[in-house]
Amino acid sequence: MPEITEWRDRIWRYRLIGTKCKSCGSTYYPPRNGKCFRCGGETEEVELPRRGKLLSYTIVYQAPTLYKHSSPYIVGYIELSNGTRLFAMLTDIEPGEVRVGMELEATLRRLYTYGDSGHIVYGVKFRPVVE
Amino acid sequence: MKAKNKVGIYGYGAYIPRYIIENSSIAQVWGKLSTPIKSKTFPSYDEDSLTIAYEACRIAIESSGAPKDRVGAIYVGSESKPYAVKPSGTVLIDALGLSRRTLSADFEFACKAGTEAIQAISGLVSSGMIDFGIAVGTDTSQGRPGDELEYTAAAGGAAVIISRASEGVLAEIEASTSYVSDTPDFWRRSGEKYPRHLYRFTGEPAYFHHITTSVKMFFEEYGFSPKDFTYAIFHQPNSKFPQRVARMLGFTIDQIKPGLLSPIIGNTYSGATLVGLAATLDVAKPGDRILLASFGSGAGSDTFSFLVTDLIEERRAKPPLRAFLERVVTKDYSTYVRYRGKLML
Ligand SMILES: [Zn+2]
Chain A
380 MPEITEWRDR IWRYRLIGTK CKSCGSTYYP PRNGKCFRCG GETEEVELPR RGKLLSYTIV
440 YQAPTLYKHS SPYIVGYIEL SNGTRLFAML TDIEPGEVRV GMELEATLRR LYTYGDSGHI
500 VYGVKFRPVV E
Chain B
23 MKAKNKVGIY GYGAYIPRYI IENSSIAQVW GKLSTPIKSK TFPSYDEDSL TIAYEACRIA
83 IESSGAPKDR VGAIYVGSES KPYAVKPSGT VLIDALGLSR RTLSADFEFA CKAGTEAIQA
143 ISGLVSSGMI DFGIAVGTDT SQGRPGDELE YTAAAGGAAV IISRASEGVL AEIEASTSYV
203 SDTPDFWRRS GEKYPRHLYR FTGEPAYFHH ITTSVKMFFE EYGFSPKDFT YAIFHQPNSK
263 FPQRVARMLG FTIDQIKPGL LSPIIGNTYS GATLVGLAAT LDVAKPGDRI LLASFGSGAG
323 SDTFSFLVTD LIEERRAKPP LRAFLERVVT KDYSTYVRYR GKLML
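For the protein sequence lines, the chains are A and B, in the order given.
Counting along the first sequence from 1, when you hit position 67 you're at 446 in our numbering, and nothing is skipped either side.
Counting along the second sequence from 1, when you hit position 273 you're at 295 in our numbering, and nothing is skipped either side.
So here's chain A without its partners, still in its complex pose:
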């Protein structure tokens, strides 16, 4: 049942919960179990900042089945304001509008659904900052 795995992952998906190394301060998203990838130190869960900027992106035209309603969609490589780097889908933006360096903020959106009668899976996406 993929829905069970989705459910276990929901909190970090909803809230941008990552892990931080207690010795070198490196942060990871998605959260990593176990030791720090860089120094081998102990890690703990932290809530990451919601704002960041776009470092790079790719536009996906051939979407996997679960994402067929999203096609074409943009996957961004984003640096959050505390330096954490992560991949996430962008939303409220069209392929012609996306620019490297643009300011983004996290929001909650539908990622995909298991058909018309199954679960709706929600998670963090990034959109151009509204202020």
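Keep in mind that the hints were calculated from the coordinates and are not lab data.
No experiment lies behind these values; they were computed from the predicted model shown.
All clues stand as given, with none of them false.
In silico DSBU-like pairs for lysine-lysine, Cα to Cα no more than 35 Å straight-line: (1) B/Lys262 to B/Lys279; (2) A/Lys414 to B/Lys90; (3) B/Lys353 to A/Lys432; (4) B/Lys340 to A/Lys432; (5) B/Lys54 to B/Lys279; (6) B/Lys249 to B/Lys340; (7) B/Lys103 to B/Lys28; (8) A/Lys432 to B/Lys90; (9) B/Lys103 to A/Lys432; (10) A/Lys399 to B/Lys108; (11) B/Lys60 to B/Lys364; (12) B/Lys103 to A/Lys447; (13) B/Lys353 to B/Lys108; (14) B/Lys103 to B/Lys26; (15) B/Lys262 to B/Lys249; (16) A/Lys447 to B/Lys364; (17) B/Lys340 to A/Lys447.
Starting from the known structure of chain A, fit chain B with the ligand onto it as the hints suggest.
Here is chain B with the ligand on its own, set in the frame of chain A:
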């Protein structure tokens, strides 16, 4: 109704999607000559009433600094729930990081579910059962293609955090009334995708009768009159109804102007009066008094009086509703049809 211990609005937030469609684009498809509004919002393919509620709640919490661990209830008013059975509030609690030791339920009363949630939470807060509660009105309502409702059924929502006045509120809730009667103006049967309506019923016996009765009862009971209010918000299913009901009750167009959004964003159903309230609070000053009268088909109307305090300046929604209005882009009927899931893939 008056709360025994004074309650008020601690924080608020509102959200509308980025996409709008002009009524003229819809009229072109269906060969209609006159249309009820200029444009309306519609949700992106990845939005629903829950994601809209999330944005509104997040803005309300972050702008006001409301303590997340003291929120004791979240009630979500909507007629376009993502699930027929499975509450939206529980997803919101985990997504917003609120305490799980809380009450939560979805409310349905056509377009007045959000104000009903305010009434319920005011009671819980006033009695001392909870310290803070969040009332949400949110919808991504649909009209059958070609139906009158397709021109106005829109998407948007707002959240209001209620606490006792002693916590420090940006607006006190001075009093409220509620008036309901069995009126078959608009309905959607279980399992049906689109609502139906008795067109002749929607005006006089439904919208105008319930709002004017509720507001007049409110005036008689608490001794207010239109001149006591700086601003007023009436439920806005189109451009004409709220302007006409304002005139019928003795309010001026200037009083309803900041909260009258339906000509541009359409009817956001459970969101409508609360989005109007948010837009009004965005410009209100300490000492302003605001009247709000919702309407829900089936039918009923809640009237409230809010007295704005000094705290408004520091607790205003960030971003304000106008930031979302400034970012809208106009789409054509084909994009609208795709994003609204009317195409089979
Ligand atoms: Zn490390």
